[in-house]
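Could you build all of it, start to finish, from the sequences and the hints given here?
Sequences listed follow chains A and B, in order. Final position of the first sequence in UniProt numbering is 1034; the numbers increase by one with none missing. Final position of the second sequence in UniProt numbering is 444; the numbers increase by one with none missing.
Note that these hints are calculated values from the structure, not bench results. Just so you know, not all the hints are guaranteed correct.
[To be verified] Pairwise CB distance ranges, derived in the manner of DEER restraints:
no.	chain 1	residue 1	chain 2	residue 2	range
1	B	352	A	128	42 to 52 Å
2	B	408	A	739	21 to 31 Å
3	A	157	B	352	42 to 52 Å
4	A	739	B	409	46 to 56 Å
The beta carbon of each residue, even a glycine, is placed where N, CA and C say it ideally should be.
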Amino acid sequence: MSSNKKYWKSVEELNENSSIVETLKQNEFVNEIPTDEFLGDKDKLEGSSTTRRDFLKYVGFSTAAASLAACEGPVIKSIPYVVQPETIIPGVANYYATTVADGFDFASVLVKTREGRPIKIENNSLATTDGGANARVNASVLGLYDSLRVKTPMKGESEISWSTFNSETSQKLEQLAGAGKQIVLLTQTYASPSTSKLISEFKEKYSTANHVVYDAVSESAALDAFQAKYNERGLASYNFSLATTIVSVAADILGDWQGGGFDAGYSQSRVPVNGKMSRHIQFEANMSLAGANADKRVAVTPSQQKLVLAKLHSLIVGSAFSKSLPAHVEKAVQAAASQLKKAGSTGVLVTGVNDVNAQTVVLEINEALNSKAFDPKTPIKTRQGNDKAVKTLVADMKAGKVGAIIMSGVNPLYTLPNATEFAEGLKKTELSVTFSMKVDETASVTQYVAAAPHNLESWGDVELRKGHFGLIQPTIRPLFNTRQFQDALLMWNGNDVVYSDYIKTLWKNDILNGASYNQALHDGVFVSKGSSVIGDTTVETEENLETPSSNAASVLAASVAPKGMELTLYTKVGMGDGQQANNPWLQEFPDPITRTSWDNYLTVSAADAKELGLENKHVATGGLDGSYADITVNGKSITVPVIIQPGQAKGSVGLALGYGRTAGLKDEMKTGVNGYPLYNNFNNVQSVTVAKASGMHEFACVQLQNTLMGREDIIKETTLEIFNTKDKKHWNAVPVVSLNHQETPVTSPEVDLWDEFDRSIGHHFNLSIDLNACTGCGACVIACHAENNVPVVGKEEIRRSRDMHWLRIDRYYSSEDTFDEDITKKTEFSGLFGDKGSLSGFGELEVAADNPQVVFQPVMCQHCNHAPCETVCPVAATSHGRQGQNHMAYNRCVGTRYCANNCPYKVRRFNWFLYNGNDEFDYHMNDDLGRMVVNPDVTVRSRGVMEKCSMCIQMTQKTILDAKRDGRVIKDGEFQTACSSACSNGAMVFGDINDKESKVAKLLEDDRMYHLLEYVGTKPNVQYHTKVRNTSEA
Amino acid sequence: MKKPYQSLEDNLTNNMKQVIHRKLDRNILRLSLIILLAFSTSLHAQEGDPVAGKALFNTNCAACHQLDKKMTGPALRNVEARLADEEGLDREWLSKWIRNSAGVIKSGDAYAVKIFDEYGGAAMTAYPQLSDEDISNILAYTAEEKKEAPAAAAGGAVAANPQSDGASNTLILAGLAILFAILAGALVLVNKTLRRFADEKGIELNQGQKTTPIWKAFVQNQFLVLVSVVVLMLAGGYFVYGYLMQVGVNQGYEPVQPIHFSHKIHAGDNGIDCKYCHSSARVSKTSGIPSLNVCMNCHKSIYEYNGETTAEYSKEFYDGEIKKLYDAVGWDDAEQKYTGEEKPVKWVRIHNLPDFAYFNHSQHVTVAGLECQTCHGPVEEMEIMSQHSPLTMGWCINCHRDTEVKVKDNPYYTKIHEQLSKKYGVEKLTAAQMGGLECGKCHY
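Put into C-alpha cells, the structure is as follows:
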C-alpha cells in the first residue's frame, strides 16, 4: 500500500536520537543563506525599515493606484485673457498681409494667425509681383519657432542688455569714425527704401562708413550688364505669359534664377488655349526644374552655353560666329534661333550664365526681338549684391583697414569662398557686430551678436520691382529680446523715431502719392502709378562694376572650354542659399528632380559615372547608396556623394549650395557638404577634377522607380500637334474592359463592382491637377505640411520609406528619348527573350535615358468614390462622405494597414512612431516652441494610426460653416485646399462639381481630363489633365 | 433772479438769519422725522417715495453713483442732509445741480467747482427731465437708513430649515431602528419562552429529517450551477462594461474654481444672456471663457453682492469673490483705477472634448439656433458649474438623429434642402440626413 511506504531522506534518520534530524526539522537551512552576497550593503539593508512584506504592499498599492489614476481624467486649466484684444477671437484665424524678404526669397504673402501666433503662409492674391510663395517661403513660418534662435543680445558668450549694446557700440563707432577708420555695413539685399535712407543717414553721420551689399548666391554679372545698358542697378523682369517661344540658356526660370517668381506667368503660357501654347527650349548642363519642364532640352556643358549664346546672337542679330558646336547642339541652336525670329516680339531669350558679356548678349537679343515678355523698364530690385565690393572688403579687412564691420542678414563665414580670409580679417577689426537669428558660423566669431527678429516679427518695406512695393509688418510680438538692424541704425543715427513710424513717414512723403498708408499696410502691396519720388536707385560706382565688352558676342564666342570637367553650382528648391538649413520641413522636402531628401550631392551623367567608376545602388525601397567622389577646384578638395543624374551634360557635374552648415543648427540638420568653398570669384561654373573616393553614401530617397516603363495610364501625354488635330480617343482614351466579349469603358456602370451612390445633392468636391501647368516646384508639399501637421520623420525613416508626406510630386524620366518611344517599345515586345523580349526589354525600360523627357505628377489621396481602402478596413475607420471626401477617423483606426496595402495609389501613411514629443525625433514637434506652428483645427496623430490627405476637410467645413452663418450661397473659388491655394501656377484647382458654373466642374468636362489608373475603376475625385508637349518645331 | 441787496450789512444779517432759521428748522425737521418714522409712514410720502426713488435712482444715477461708496461720482447716502450739514446747501441747489450741473459749475459756485475738480473734471450728466417730485423721490431713497444685511439673517433662517429637516429624518430613522430592535428582542424572547415551555412540558421539538442543506443541494445540481454561473458572468460583464464605458465620461464634473463664479446669480437671478459673456460662441468653435475685462463691464460698479444668501454662501463670501476678481484684473476699488498688475485666472476647464473630436459652437449656436441649455443643462440654476451632459459620441449622434436642421431664412440651405427632402420624402431634414453622422464631419 502506498500509504505504508516511508521515505528516508538520509541514513541519519535511522538514528533515532540524532540531533541533526532534530535540527533539520526546525530549520531547513542550517547554514545561513549567503544573501549578503547578492543583496550588497548589509548595514543599509538592516537599517531599512522596509520589510519584504512592506515592499509587496507598496508594489500592490502603487499598481492599483496607477490603474485607478488612469481612469481619472487630468485637470485641464483654461486661462483666458485678462484684457482680450478686440481683434482676436479664440478659435478664429486672422490674416495679415506682409512680405517675406530674407535676402534670397522675396514674396508678398498673407500670414494666417491663430490666437495671435502665425501658423501658415499663404499667397497674397492682391500682389501683382512675387505674389506666389515658393516652398521655402511657405516653410519660413517654422523658422519663427526655431528653438536655437538667439534670445537676447550677446557679447561673446555672455548675454548683455540692449542698453549695454547700444552704448558700447555707438561709443566705439564714434571713436572709430573719429580715428578715420573704415566702418562697413555688410548686408543682404534689403531692396528697402527706408533701409536705404537709414543707411545714407548713417553714412552722413559716420563719414568713414561704407555699405556693401552681399548676395550669397550672386547675380552680379546680370546686374552689371543691366546697369551698363540701362544705367540702373536691377535685373530685367520677364513675363513669360506673354511669350510663345521661350529659349533659356542655363537659366532655371522655374527655380531661383534672378530671384525666382517667374513660374506663375510661365505656367499661364503652357496651358493650351485654343490650340496654342508656348514652346520652351532649354540649353543647360544640370537637370533643372526649367529643363525638366521644357519641350526640348539640350544638354550642353557650361562652356558650350556661351557658344550657344554667341551663335544665337549671330543668327538673330547678325554678329560673326565661326566656332563649331557639336552637330545636335548646332541643329538645336539653329532651330531655336529660327523659332525666336519667327515668334518675333512674342519670343524671349534668357540666360543664367554668370558672365557679364553673356548677359549683355541676351539683353541685346531681346531688344532686337522687341520682346514683349522682356521688360527692362520695371527692373527687379531684389538682387543688389556686388561681388567686386565684397572682394575689396575682404582685402581691406585683411590689410587691417576696416575698423568696424556690422553685418545683417549675411553669413559670410559660411557663404564666402574665401571664408578663412574673411575670418582673418575679422580678427583685425576693432568692432564686429552681426544681426542674426542664430549663432551661426559668422555670429560665433563676432564680438557682438545682436539678436535679430524673424521676418514675421519685423517691420519693413521692400521695393520688389521698380515702383512695386511691399510692406513688412509684424504678425506676432517678438518672442525674444530682439531688435532689428534698422532699429539699431536709428539708434546709431541718434534718431528717436520708432522704425515703424519712420517707414510710415517715408511712405507718406515719398511713395504713396497721397494714397492711404493703412490701405497699403492692409494690402501688403502698393504699386505706384506715377513715378515714385523714391525707390532704391542705387547705382554702383564704376570701379565696382564689371563692364561688358563693347562686342560682347565675340568675346563670348572666343571662350574656350577648360580642361577637365565643368562644375555648375546651383541652389535647390528646398534649401536655397542655406539660411533655412535648420528647418526640418525643408530638409525632408524631397528635391523635385532627384527625389532625394536630407542631402546634397554631385550630379554626374551616366556616361561620366561609368568612366569614373561611380555607381548608384538601390538597397531598399527608400535607400539609395552612392559612391563618394573627391572633387578638386583650384586646389581645394572636398569629398561628396554622387548621384547619377539623367540629363546631366556629359563632361559636367553639378553640386547644390546651401548644405554642410556647421553652426546654429541641430545635429540632425547638419547634412550634406558645403559647396561655397568652390564658389571662386562668385562664379557658379568652375573647372573641376573628379575622382572616385572610397565608401558609399546612404541617401534617403522617396522615389526610386524613376521611369514610367511605358505605363501610359499613369501619366497621359501627347503632343500639341496630335492634341490639335486628333480626336480625344486618340490621345486620352477611356480604358476599356471586356464584358461578354464586348469592349466596355470602365466608367460604365455595368462593369462596376460597386453600386453607384447619388452624389448630385449638396457639395461634391473635386481637385483638378493640370500636368501642363504643374512645374513640380513643391510649394504645395510644404503648404500641406503646415496645414495638416504632417510630422517630420528624419533621414533614417525616409530610407525605410516611411515618409509621411500626404502629398508627393512624382517625377518620371523617359527611358527612350521620349515617353512615346517607351510606349512603342513596350507594345512591340513579343515573347520573353530575344531582341524584343519583354524580360530584357523591361529591364532596359527601368533605366532612364541620357537626356530624358521628364514629367511631374502631384499625387495625394485620390478620394475614390469606390475606394478600395474603405472596403478592407476591419473597424470602419475610413469611410466615404457624401461630399466626396474619403474620411479617416484616427481615433477609430487600430493600425492594421490593410487600407495602405489595398490602395492602388500608395498615398496612405502609417505612423510607425509617435513623432511629437519624442526625443528620438528631435524636430520641431519635440519642443514647445516648435509646436506653436501646429494647426489647432487638425488632430496631431499618434503612433499606430494610418493617415492621409483629407482634402483639407477642415477648410471645406469652415467655408461651409461661414456660409451657413452668413446665410448665403457659396461662390466658386471659396472652397480651397492647402495645396490648391498654395499653387500660384494655377495647376491645382479645387471646387464643387455640383456647382455647374464652377471652374472645376468645367475642367471635369475638359477633353484633357483623365483619372489616375482609371482602369482600376476607383472613380477618384482627383482629376488630372493630360500633359501636352509643344514638340512641333515651327 | 438775483435778489438785490440794499447793503452789505443787510445781506450779512439776512444770511445769518437764514442760517439760524435753517438750523432751527432742521432740528424741528429731524425731530418730526423721527416721530414720523416711529409712528407713521403715510406722511413720509409727502417727502418723497423711496420706492419710486429707487427705480429712478437705478435707471438714472446708478451708472455713476452708489449709496455708500464713491464711484465715478460721490456716495449719495443722505446726500441732502450731508450737503445741508456740511456745505449749507439746500434742495434748491441740489435740484439745480441735478438738472444742469455744468451750469452750476460755470456760475462759479465754490462747492460745485470743488466737486467737479475732485472727480477728475467730469461734469455730471444733466437731467432736466426730472421733476421736483422725481428729485424728492430720489432723495427720499438716498435718505433711507442703510439696512444692516437683513438678507444674511433671512438666509440663515432659510439655511437652518434643511438642517432641521435632516435632523428630523435621522430622528425618525433612529426611532424606527429602536422600534425594530425592540421587536427583534421581543421575538427572541418569545421564542426562548416558548422553547422553555416546550422543554418543561417534555414536548420534543421536531428537529426535522436530516435534509441536505440548500447550498449542498445547489452544488449538486450542476444545471443550476451552470445557469447561475452564466447569469453571474453576464451580470458581471454588464457591470464591467458599464464601468468601462463611463471611464473618461465626466458627467457631473464639478471642480472647485479659483473664483467662485455663480452662474445662478448671473444667468439666473440677473438674467444675463449667456452670449453676453461667452460671445465667441456665436462666431467661433470655442465658446470662450470670458476675459476679465468683460467682467469689469459690470463689476466696476457692482462691488458688493446684495442678493439672496445662504449660510454657506454669505454676502461676505460673495464680496470676497468679487475682491478676487479685482485682484486678478488689477482694479483698485478704492482709487477706482487699474493698477496694471494682472494675475490671469487659471480656471479649471469643465467640458473637455478629446482632441480628435472637432466641435464648433457657432454651428450649433448661430446656425442651428440652439439654446445653450440644450447641452449645458440648467446653467442658470447652477451655483457651481458642472458638466450636465455626458459629451459622448452616442449622445452627440442621438441628437443629430432627432434634431431638425433650421433651414428657414437661410439661403445656404435652400437648394440642398429642397433636393434632400424630396429624396428622403420628408418635410424637414434632420442633421443626420444632412450628413451630420459622417465620421469626417467631426474627426479630422
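Verification of the supplied hints:
no.	hint	verdict
1	B:352 to A:128: 42 to 52 Å	48 Å, holds
2	B:408 to A:739: 21 to 31 Å	49 Å, violated
3	A:157 to B:352: 42 to 52 Å	45 Å, holds
4	A:739 to B:409: 46 to 56 Å	51 Å, holds
Of the hints listed earlier, the one the structure fails to meet is number 2.
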